[in-house]
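**Q** Build the complex: two chains, separate frames, hints provided.
Listed here are the chains, written in short residue letters.
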Amino acid sequence: MKVKQLSVFLENKPGALSRPAELLAKARLNILTLSIADTQRFGILRFIVAEWEKAKALLEREGFVVNVADMVAIEVADEPGGLARVLGALEKTPVNVEYMYGFTLRREGKGLLAFRFNDPDGAIEALRKKGIYPVRSVELFKGAEQ
Amino acid sequence: MLMTKHDARKNRSFHPVSAPDFLPLPQLRDLQLQRLKATVQRADDHVGLFRKRMADRGMTPQDVQGLADLAKLPFTQKTDLRDTYPFGLFASPMKEIVRLHASSGTTGKPIVVAYTQPDVQVWTNVMLRSFAACGLHEGDIIQNAYGYGLFTGGLGAHYGAEALGATVIPISGGNTQRQLMVMKDFGVTAICCTPSYFLHLIDQAAEAGVNIKELPLHTGVFGAEPWTESMRRRIEQDSGIKAYDIYGLTEIIGPGVAMECACQAGPHIFEDYFYPEIIDSQTGAPCADGEEGELVLTTLGKQAMPMIRYRTRDITALTAEPCECGRTLRRIKRISRRADDMFIIRGINVYPSQIETALLKVEGALPHYQIILTREKGLDVMEVQVEVTPEVFGDTVGALERLQETLTKSIETTVGLRANVRLVQPRTLQRSEGKAKRVLDQRKM
Chain A
11 MKVKQLSVFL ENKPGALSRP AELLAKARLN ILTLSIADTQ RFGILRFIVA
61 EWEKAKALLE REGFVVNVAD MVAIEVADEP GGLARVLGAL EKTPVNVEYM
111 YGFTLRREGK GLLAFRFNDP DGAIEALRKK GIYPVRSVEL FKGAEQ
Chain B
3 MLMTKHDARK NRSFHPVSAP DFLPLPQLRD LQLQRLKATV QRADDHVGLF
53 RKRMADRGMT PQDVQGLADL AKLPFTQKTD LRDTYPFGLF ASPMKEIVRL
103 HASSGTTGKP IVVAYTQPDV QVWTNVMLRS FAACGLHEGD IIQNAYGYGL
153 FTGGLGAHYG AEALGATVIP ISGGNTQRQL MVMKDFGVTA ICCTPSYFLH
203 LIDQAAEAGV NIKELPLHTG VFGAEPWTES MRRRIEQDSG IKAYDIYGLT
253 EIIGPGVAME CACQAGPHIF EDYFYPEIID SQTGAPCADG EEGELVLTTL
303 GKQAMPMIRY RTRDITALTA EPCECGRTLR RIKRISRRAD DMFIIRGINV
353 YPSQIETALL KVEGALPHYQ IILTREKGLD VMEVQVEVTP EVFGDTVGAL
403 ERLQETLTKS IETTVGLRAN VRLVQPRTLQ RSEGKAKRVL DQRKM
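As given, the protein sequences belong to chains A and B, one line each in that order. Start counting the first sequence at 11; every next residue gets the next number (my numbering). Start counting the second sequence at 3; every next residue gets the next number (my numbering).
Since the hints were derived computationally from the structure, they do not count as laboratory data. Glycine included, every Cβ here is placed at the ideal spot set by N, Cα and C. Please note: incorrect hints may appear among the correct ones.
[Claimed, not checked] Selected chain B positions facing chain A (Cβ under 10 Å, derived; list incomplete):
| id | residue |
| --- | --- |
| 1 | Val390 |
| 2 | Phe395 |
| 3 | Gly400 |
Pulled out of the complex, with its shape left as it was, chain B reads as follows (with noise of 0.2 Å):
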């Protein structure tokens, strides 16, 4: 049998410095738990917020003796990083920071992380293990086209991508002209951006005369926003690349908490560095495993930033199956929508996955789509507004009212609730250069 392309990527995707993402099982748990330790002596020691918790439990760092002792510590929040705004969570002296990170607060003040120079180093080792494991090796040229700057994704895949002894480009985000440009003449061959962005490069890249799938370009690590398999699948056959899906979090590390390996299975977890619960997101309580809910993640190397059990609000479910590319490190389910992402209407929970399901139904692809909530006299409305796409355009209005009215029903039937579908002209929906913004709220409560 002839080896695709595909195979044989899958085949060199081994890099000496992600020996530890084959562990055997015992021997990680046990580096888990060692490091677990550490982690909640060095935040008893040094965080005054979670001294007190624990305090207030009747709890000490030598209550954690096993894994499970987890379960037993208190969560961190969001929230907690706003309160104690901007040092207050820090478990280093300034001195010993090399940097800080701030994430865009979406309310008032942003998230501030700190990391030491052993933090910069953790991140880049699980970075450079996130493009080892799709096969990306030097020789590469890595386009980095997420945003530089206090923005975690720039600099946190530069430095892996620079680990790895591929050629960066930093180019950093927007500009879509000039990505398209350099992608063609700099013989670009893996990018790293959001999925909505990429997507966007390819409407783009046909006008602008480039045809991606002749380019030497083979690979996409993409993350920084929940997308879907349909996403993949309209990227993987409009661009001809292999695309990845990269996890990770600012208050966490930044991208590189999890990767996806040439399987295209869901990420792994680096689970020497970070340490995963699923759990009910109502209640607190753990979940099975492989069922949904609430990731959690405990950080088990980090000295600038300890974050114990710290609620991501990312909806995912873990799987400890083993996977066919022989990592022992379990892998958590596509990140399609966020516990923040849920609006209530109605009364009725909804998220914009479940739009996103009605519509491709529908058109078969998925098309560019806005929820728009508003408040008339008293009852929330949703509209849904969709871009007309050549596919389903007809030259009747008959067609067009068909068209909408289906679309309709589809959500109706999905989300058990009745959406004002609008048809709106190609391109006059907001593409955002990084992160897509589905929803609009523009409910006056």
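Next up, chain A with everything else stripped away, as it sits in the complex (with noise of 0.2 Å):
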């Protein structure tokens, strides 16, 4: 249920991106989706790839300080009020948000949304008592190959 996000440090500075994105596309690493967090001075990019143990190593070894996160990926449908249903179904449980960034796939008018909860596990189960069922990785992965 849960998906796999790698989070990179990076510098504020022009190119700091350049590197990490020609390091994945050299191993060709298919990046799904993607957000950057940034301040004055330093961001993160955030972002999930099929095989990312294999991207992780590679980062690592070229002097990234990678952080790996659990997400939860739900498939909403692409029009208004998406979000305020997937939102509406956390209130008045104790699961917060920390982020999340949202992305279609251009199947089936569907759009997909990446969360980072403060407490995957509890997320998931209070969406599935609302009828909400996160899209496991196998899906998300299989879905992006088409």
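**A** Written out as structure tokens, the structure reads:
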């Protein structure tokens, strides 16, 4: 139910993003989705790839610090109210969203939301109770290949 | 009780040439006085600058009748070596001098030092005693990664290790991949280099597929730059070796002025050749036993370049407390800062070691860091760049901002000054293969 996301520390300076991008490209590791969080001084590149262990080892060998986090991916209808429904399911639970980002896989008119919850397992349980089922990694990457 | 590897080494750490380490004190003091008198006489006879300074004080060598009289003699400073560059302080004619070394001058000309054949023997003797003190002996394979050349480190350690009967690998500094290959393939048991370079080797070993913990390497003789107990702990934990602190300086002889014994309780000064004093570096007044101040050294057996009361700029304390090893030689506290390293920012004296303490408090292990001083609109700014480690890196901006803030606060409490903490990517700060450059002063005065 959980999907591994890698985060890489980057300094906020020109070209900082190119090196990890080139490394992943050379190793033919396809990035399913990514987001960047930044401040004036530093940034965090977050991304999801199928072969995350390989990507992690590769980046670490090149001197990057890499963090692995459990994400919960949820498929929503690509229409107004999709996100609100998910968040609504978590109301009145102790689960918090640390951050999230959305992306579309352009299949069946659906969008995907990647959530970093403070308590991924708690979130999955709360969502299921409301009939919302997170996407499994296998299905996620199958989708990406189509 | 089982005898540990460490205890075993302690027991066999006696080499016949180490006998002077254990001289009864009255005998040691008597020897020191005889040698001091001869050194003062020699300097007065042959070194113009010293003779003039003695004359200015109305003193002659005969005024030195006891070790306490040393305090009346003039100091020698690094600037004296620069002012008399290259050969002005030599007390031997060139035909008796068999070796010249020079220390890199960060500002202007280097300083030049000379050795007669007997001086080289003295140096070899103290280096041999240094290796013996930490339990090395014939049969050990010593990788000497101190630089060979004008720098005293390489040749000083080389002669001592050969005299010990060990096998020396004169690999010199640099070329990390080759260092690791040799360490592994030659079955190296001991290494000599700067502590920061060894940390660099540890960093690189994992990537080169070498596990230092599984190698026969058991001893490191580290010096030529100030380091800390936390660095020692990190080295010992990450490589499984014992790390010993060796102290020396070009102006006095090179490495081998003082060396730790197996007890690792601070370097013992080879007092039969180097007489130590601790002074207040501002006033020049002597400090009490155990009090921290600037180390001042007088050579007691050198011919080509006798040094009388040389101000080392190294801040330490001297202890006469008996050491478990039985050596009667006094010990200095680990030198973690230099009077020269101190920088003044907005009127506050700061030592890099204070910044280290502050970083260590937050992170638990010392990260690579660098201090950069700039002047913005007439105001001094201190930036501390800290490499992000996997241990402290989380995936949220908030966690990193909190880390930045905690580091800033820790520095502020320790130093009394706010620094801009900048988190940087690993391996972006310069790793010197020699001395670690901790402070970059870019202020235009």
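**Q** Now tell me if each hint is right for this structure.
**A** Hint check:
With a least beta-carbon distance of about 5 Å to chain A, the hint placing Val390 of chain B at the interface is held under the 10 Å criterion. For the restraint placing Phe395 of chain B at the interface with chain A, the shortest Cβ-Cβ distance is roughly 5 Å, inside the 10 Å limit, so the hint holds. For Gly400 of chain B, the suggested interface contact is upheld, since its CB lies about 8 Å from the closest CB of chain A, less than 10 Å.
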